Structure formats: structure tokens, C-alpha cells
Amino acid sequence: MAAELEGGKALGGLLSGLAQDAFHGHAGITEELLRVQLYPDVPADEFRPFLEKMRAILKSIASADMDFNQLEAFLTAQTKKQGGITSEQAAVISKFWKSHKTKIRESLMNQSRWDKGLRGLSWRIDGKSQSRHSAQIHTPVAIVELEFGENGQESEFLCLEFDEVKVNQILKNLSEVEESISTLMQPA
Amino acid sequence: MERASESSEPVLDAKSQLIDFQWKLGMAVSSDSCRSLKYPYVAVMLKVADQSGQIKNKFIEMTIPQFQNFYRQFKEIAAVMETV
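Chains as they are written, first to last, in the numbering used here: chain S, 603 to 790; chain Y, 8 to 91.
If you are wondering where the hints come from, they were derived from the structure by calculation, not from laboratory data. Any given hint might turn out to be false.
[To be verified] Here's a subset of chain S near chain Y, in silico, CB distances under 7 Å, partners left out:
| hint | residue |
| --- | --- |
| 1 | His-626 |
| 2 | Ala-629 |
| 3 | Ala-658 |
| 4 | Ser-662 |
| 5 | Ile-663 |
| 6 | Phe-670 |
| 7 | Leu-710 |
| 8 | Met-711 |
| 9 | Gln-713 |
| 10 | Gly-719 |
| 11 | Leu-723 |
| 12 | Gly-729 |
| 13 | Phe-750 |
| 14 | Ile-772 |
| 15 | Leu-776 |
| 16 | Ser-782 |
In this text the structure is predicted, and so the values were computed from the model without any measurement. Every residue gets a Cβ at the ideal spot worked out from N, C-alpha and C, and that includes glycine.
Between the sequences and the hints, there should be enough to build the whole structure, so can you do that?
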């Protein structure tokens, strides 16, 4: 195996590229691009199996959402395998997962959401006044704009009008949701 | 994807009325790209009537932090409306 493949320096960059491709939906990160940028002295037919090995390791770690104990056990096993990884590489992979885990997990969550996700909410209150003879009646109205959309698609907007009665109805519904969430989050 | 108009800007004058609000608290367990997803989410169905009276269902999904912000905003709306 080429000496360059055994070291850890370019591996961090490689893992970033792999993550961009596999999780964050970044197009155009080819095998050739990674090889030329990070391992220019390694021939393509040697680089390919190395790249696939690293991709498979990263996918396993992400798929299992490994905590740090699981990660250490997994990487140790990889160093002991025939054709596995070096301990220097294990250290680089470990460091990479620890700093990118949250972002990767967020991307995986977004990837699995196929309905439209909430992107934004803004609102204002209008005070509608009516005058009947001398009496002035102020009726506050809430104008709420919701922004939502599917992954990678343009936003859709919905503009809703609420009077106080409707707002209180919604609050009642939302408090029921919150109650359900609390029940779910209670430790077993 | 449905749009109120051809332009990409929000049509702020075209206000709809909320007719019904339904919700579901779900848990995504695993997927093809992640065997250990384990995240809860809130899915809401908004039944809205636009200015012409046409009724449509809109489905929106939120993470728990997004839902909590959504709830907090509506509480704020209610608080401000009381003072107007």
C-alpha cells in the first residue's frame, strides 16, 4: 500500500469530502477529485479500494449513530482486521466523528423527512377598529406567515389570519402537543 | 407544490383562514441511510380556506425545538393581542 495512504494527514480532508457527498447532498465530489486533491501521488487503482473502505467505515458509524464507547470499540476492531486501518487513521476518524457527529445527524434527519418542513414563522398584529355611532370597537387580528418546503425545494408560504378566539383554540391544541411530548420524553 | 401566485415572493395580502388544526407526534426510528435515527417530530395538518373559499390541506413537519418555538410564538401573539 502506498505510504501516503497509511498516514493520517489527508484523511481528515477525505472524510469531509465523503461526508459532503453522502450526507450533506453536495454534488460533484468524485473519486478523481478527492484523489487529485488529497492523494495526488497514489495511483487510481490503489486509491479506489482505500476510498471505499473509508466510506464504508463512515457510513457504519453514522448509521449506528455511535456514541464514543461504541466508536472506540468499532475502530479498535478495524485496526485489528486484515486490511483494516492503522491506529493513526483510527485517531483521525475518531476526531472527525466527534466534531461532525451533530451536523451529520441533522443531515440524516433532514434526508428522512419527506413532508414539507417548517422553515420560518413571522407575525404581526393588526388592530381593526370599527366605529358604530360613537363607540369604537378594537378587534385585534393576528397575521401569521408560515414558510415551509421540501428538502432542496423552494419555499411555500401560507398567510393566515387569526382573531383572539382562534389564537386561543390553537394554543389549546399546542398545549396538548406539548403534553404528549413531555410524556414521550419522560425517562422509561 | 401549490402556490398562491406565479411569483416567488409571499403574497402577503392573500390571507387564508384556518378551519382545522390536526397534529401527530411521531418518532422516526430508522431509515435506509441511518439505522439508528430515533428522533421525535411533530406533524401538523392545517385545513385552510383561501380568499375564494377553496379549502386545502397543508402538511408541515417540525422538529421538537421548532415546535417549541412555534408554540412560544403563539403564546406571544396571544399576549400581545390582549394588550391591543
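Hint check results:
no.: 1; hint: His-626; result: violated (12 Å)
no.: 2; hint: Ala-629; result: violated (17 Å)
no.: 3; hint: Ala-658; result: violated (14 Å)
no.: 4; hint: Ser-662; result: violated (9 Å)
no.: 5; hint: Ile-663; result: violated (11 Å)
no.: 6; hint: Phe-670; result: violated (15 Å)
no.: 7; hint: Leu-710; result: holds (4 Å)
no.: 8; hint: Met-711; result: holds (6 Å)
no.: 9; hint: Gln-713; result: holds (6 Å)
no.: 10; hint: Gly-719; result: holds (5 Å)
no.: 11; hint: Leu-723; result: holds (6 Å)
no.: 12; hint: Gly-729; result: holds (5 Å)
no.: 13; hint: Phe-750; result: holds (5 Å)
no.: 14; hint: Ile-772; result: holds (6 Å)
no.: 15; hint: Leu-776; result: holds (5 Å)
no.: 16; hint: Ser-782; result: holds (5 Å)
In this structure, the earlier hints numbered 1, 2, 3, 4, 5, 6 are contradicted, and the remaining ones agree with it.
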